[in-house]
Amino acid sequence: SQQGEEDPQALSIQEGENATMNCSYKTSINNLQWYRQNSGRGLVHLILIRSNEREKHSGRLRVTLDTSKKSSSLLITASRAADTASYFCATGNTGFQKLVFGTGTRLLVSP
Amino acid sequence: GAGVSQTPSNKVTEKGKYVELRCDPISGHTALYWYRQSLGQGPEFLIYFQGTGAADDSGLPNDRFFAVRPEGSVSTLKIQRTERGDSAVYLCASSLVQGKETQYFGPGTRLLVL
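Residue numbers (my numbering), protein chains in the order written: chain A, 1 to 111; chain B, 1001 to 1114.
No wet-lab data here; the hints were simulated from the structure. Mixed in with the good hints, there may be bad ones.
Here are the in silico distance ranges between beta carbons for each label pair [what the hints assert, rightly or not]: (1) A/E17 <-> B/D1056: 40 to 46 angstroms; (2) B/S1027 <-> A/R54: 31 to 37 angstroms; (3) A/G59 <-> B/K1017: 41 to 47 angstroms.
Some residues of chain A that are not near chain B, with every Cβ distance over 10 angstroms (derived) [said to hold, decoys possible]: (4) E17; (5) S24; (6) R54; (7) K70.
Because the structure is a prediction, the values reported are computed rather than measured. Cβ coordinates follow ideal geometry from the N, Cα and C atoms, glycine included.
Only chain A is shown next, with the shape it has when bound in the complex (with noise of 0.2 angstroms):
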């Protein structure tokens, strides 16, 4: 099953603009990563954020995490059109590391 679900669940935009995607989930976490994946196959890893932290940075990627909230947010910034994909959160207990994914968000980036 999955744990939460991100929002919305498709977002269209122009190159330039910025692309924000939510997350909220229901159980307690260790951390909290956010995937990109394209065409549906491989994921790529983002970036990860620990339930301690309330923001993080990586390049043009902004996470926040309020863990009282159980919601996380995704900020691209200045979007490309390869940017198109889908994201997806995914948390993670403390321990083996399980990963218990979103629905997902798909992103469309126009040119």
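Chain B: place on chain A using the hints.
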């Protein structure tokens, strides 16, 4: 270096047949994971190996599914008496050690059961 590889890329089989899906993790990674992703959904955990042993197989849907990792490297996911509902993309991931958070995913095997 080489990433996680999975073979075959695509597999079409008939209902009731047996299939094997192979995963070759990143060299030196001791943890290996199998996930299944249905159309329009996020991946769902199936089984996790630490070394040769299955540390958690709680995600396997039923006893038709079985996975092995006899030498602590390559893993094979085996599905007996396939059903149309087994159609999905099967993803494999590996990580360096237990508790190392970043999992590196392979390209997946797309299984279609007719």
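Results of checking the hints against the structure:
The given range of 40 to 46 angstroms is respected by A/E17 and B/D1056, whose C-beta atoms sit roughly 41 angstroms from each other. Taken as a hint, the range 31 to 37 angstroms holds for the pair B/S1027 and A/R54, whose Cβ atoms sit roughly 36 angstroms apart. Taking the beta carbon of each, A/G59 and B/K1017 are about 45 angstroms apart, inside 41 to 47 angstroms as hinted. With a closest Cβ-Cβ approach of about 25 angstroms to chain B, A/E17 is found to remain outside the 10 angstroms limit, as its non-interface label requires.
With a cut of 10 angstroms on Cβ distances, A/S24 stays outside the contact zone with chain B, its closest approach being about 13 angstroms. Separation of A/R54 from chain B is adequate, the least Cβ-Cβ distance of about 18 angstroms exceeding the 10 angstroms criterion. With 10 angstroms as the threshold on Cβ separation, the claim that A/K70 sits away from chain B holds: the shortest Cβ distance comes to roughly 17 angstroms.
Of the numbered hints listed earlier, not one is contradicted by the structure.
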